[in-house]
Structures are given as structure tokens and as C-alpha cells.
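Colleague: Put together the whole structure using the sequences plus the hints.
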Amino acid sequence: MIRKNARARRDFLYRKAILLQNAEVSERRSKLRAALASGRPLDPNIANDKALRKDFQYDESAQDRSAQEELELDDEYQHLSGLVDPRVLITTSRDPSTRLQAFSKEIRLLLPTGIRVRHHVFVQTGYDSVELSEVGPRMSMKPFQIRAGLLDQRDGDVEWALTNYTRTSRKKNYL
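1 is the number of the first residue of the sequence shown in the UniProt record's numbering; add one for each residue after it.
These are calculated hints, taken from the structure and not from any lab test. Certain hints may be false.
[Unchecked claim] Estimated spans, in silico, between C-beta atoms of each pair: (1) Thr91 with Ala51: 42 to 48 Å; (2) Arg170 with Val88: 45 to 51 Å; (3) Lys172 with Phe103: 37 to 43 Å; (4) Thr91 with Gly126: 25 to 31 Å; (5) Ile90 with Asp43: 52 to 58 Å; (6) Leu110 with Asp11: 19 to 25 Å; (7) Lys31 with Arg108: 51 to 57 Å; (8) Asp11 with Arg108: 25 to 31 Å; (9) Ala102 with Arg15: 36 to 42 Å; (10) Thr163 with Asp85: 37 to 43 Å; (11) Arg170 with Gly126: 35 to 41 Å; (12) Arg7 with Ile115: 19 to 25 Å; (13) Thr168 with Leu100: 29 to 35 Å; (14) Ser38 with Gly156: 55 to 61 Å.
[What the hints assert, rightly or not] Simulated pairs of lysine-lysine, DSS-like, Cα-Cα distance not exceeding 27 Å: (15) Lys31 with Lys16; (16) Lys54 with Lys31; (17) Lys4 with Lys105; (18) Lys31 with Lys50; (19) Lys16 with Lys4.
Where a beta carbon is used, it is the ideal one built from N, C-alpha and C, also for glycine.
Modeller: If you want it as C-alpha cells, here you go:
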């Protein structure tokens with residue numbers, strides 16, 4: 001818990017330092033823009049800043065914000081950063097080898113918040129119906145078809161389709 005609090009403090013201070021640095025550059029940029037627009041001489045600390053002069057032509061599209069406005073900006077990661085660790089999904093094939101099983105266990109031990117899931121585990125409930133067995137946290141679905149492309153595209157390549165089992169040995173003709 002102490003490490004988590006220390007990491008949260010470091011993260012907060014780092015974010016605040018970056019925001020203040022961006023606000024300072026933004027204020028200098030606005031002073032430079034105002035001086036160029038009015039035609040009066042530049043402040044010496046702005047005139048001697050080579051990086052600001054060099055990057056000014058690329059910074060014209062950026063908005064000028066003060067330090068207070070930068071701090072008030074909404075950050076979608078600030079509430080969960082350092083508080084909630086990401087959940088990593090660790091998967092294997094349907095019939096993993098012993099080496100792959102050992103490797104997935106090692107990865108699971110390295111990533112304590114990881115979730116192990118075996119994919120392609122299904123139960124055939126009828127002649128033409130298939131259900132996925134629950135392998136992860138409350139997961140159940142019926143696969144029908146997997147297509148390459150977007151949902152709007154009807155002409156996408158079919159990567160996988162649910163097909164019925166048919167015996168074709170009688171249909172083969174040998175010479």
C-alpha cells in the first residue's frame with residue numbers, strides 16, 4: 001500500500017510538472033504572438049529562446065492556455081492512474097502443449113492481475129447448435145461466423161463459419 005501511494009504521488013507530481021511546463025510554453029507563445037501582432041519589441045527572455053522561435057511556426061494551431069486552464073483540463077486517466085492496475089488476458093490454444101502451459105503459468109505469476117483464459121472451448125448442444133462453455137469471467141456466446149472487414153461490408157472474407165458435420169467418405173471416387 002505504501003508503494004502504491006508513493007507511485008500515485010510521483011505520478012501526480014509528474015503530471016503537474018508537465019502541465020505547468022506546457023502552460024509556461026503556451027504563455028510565452030501567446031506573448032510572442034502578441035508582440036509580433038502589435039509590432040513592439042520582444043521581451044529579452046522570449047527573444048533569446050531559440051527553441052520557441054524555431055517551433056513557433058508549428059505551434060500556431062495550438063491553443064494558448066494559462067497554467068490554471070491547463071490544470072482544469074479533464075484527464076480521463078487521472079482517476080485510475082496508480083489506483084487500479086490493468087487486467088491482462090493470458091490465452092492459450094485449445095490443446096496447449098506442456099511447455100505452453102508452463103509458459104502461461106509463468107506469465108500468470110509475472111503479471112499478478114492477469115486472467116488465464118482458454119479459447120475455442122465449446123460444447124455442441126445439438127446437430128447445428130454450438131455454445132461456448134464459460135471459460136472466463138461470465139462469458140457465454142454462440143459463434144456463427146467471423147468475417148474480415150467492418151460490419152457494414154457484406155463482401156468481406158469469411159474467416160470462420162459454423163458448418164454442420166457431414167460424412168463425405170461415400171462421395172469420394174477413387175480412380
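Colleague: Please verify whether Lys31 and Lys16 have alpha carbons no more than 27 Å apart.
Modeller: Status holds; Cα separation ~23 Å.
Colleague: Should the hint that Thr168 and Leu100 are 29 to 35 Å apart at their CB atoms be regarded as holding?
Modeller: 32 Å, holds
Colleague: Can the suggested window of 45 to 51 Å be confirmed for the beta-carbon pair Arg170 and Val88?
Modeller: 49 Å, holds
Colleague: Against the range 52 to 58 Å, how does the distance between the Cβ atoms of Ile90 and Asp43 compare: consistent or not?
Modeller: Since Ile90 and Asp43 have Cβ atoms about 57 Å apart, the given range 52 to 58 Å holds.
Colleague: A range of 37 to 43 Å was offered for this pair. Does it hold for the Cβ distance of Lys172 and Phe103?
Modeller: 41 Å, holds
Colleague: Does the beta carbon distance between Arg170 and Gly126 stay inside 35 to 41 Å, or does it fall outside?
Modeller: 24 Å, violated
Colleague: Using the beta carbons of Ala102 and Arg15, state whether their distance is inside 36 to 42 Å or not.
Modeller: 40 Å, holds
Colleague: Quick check on a hinted range of 19 to 25 Å for Leu110 and Asp11, using CB atoms only.
Modeller: 22 Å, holds
Colleague: Taken at face value, is the distance from the CA of Lys105 to the CA of Lys4 at most 27 Å?
Modeller: Holds - the C-alpha atoms of Lys105 and Lys4 are around 25 Å apart, at most 27 Å.
Colleague: Is the gap between the beta carbons of Thr91 and Gly126 within 25 to 31 Å?
Modeller: Given a distance of about 27 Å, which is inside 25 to 31 Å, the answer is holds.
Colleague: Within 19 to 25 Å or not, the Cβ separation of Arg7 and Ile115?
Modeller: Roughly 23 Å apart at Cβ, these two residues keep to the hinted range, so it holds.
Colleague: Given the hint of 25 to 31 Å, check if Asp11 and Arg108 actually sit that far apart at their C-beta atoms.
Modeller: About 26 Å separates the Cβ atoms of Asp11 and Arg108, which means 25 to 31 Å holds.
Hint check: a violation occurs at hint 11 only; the rest are consistent with the structure.
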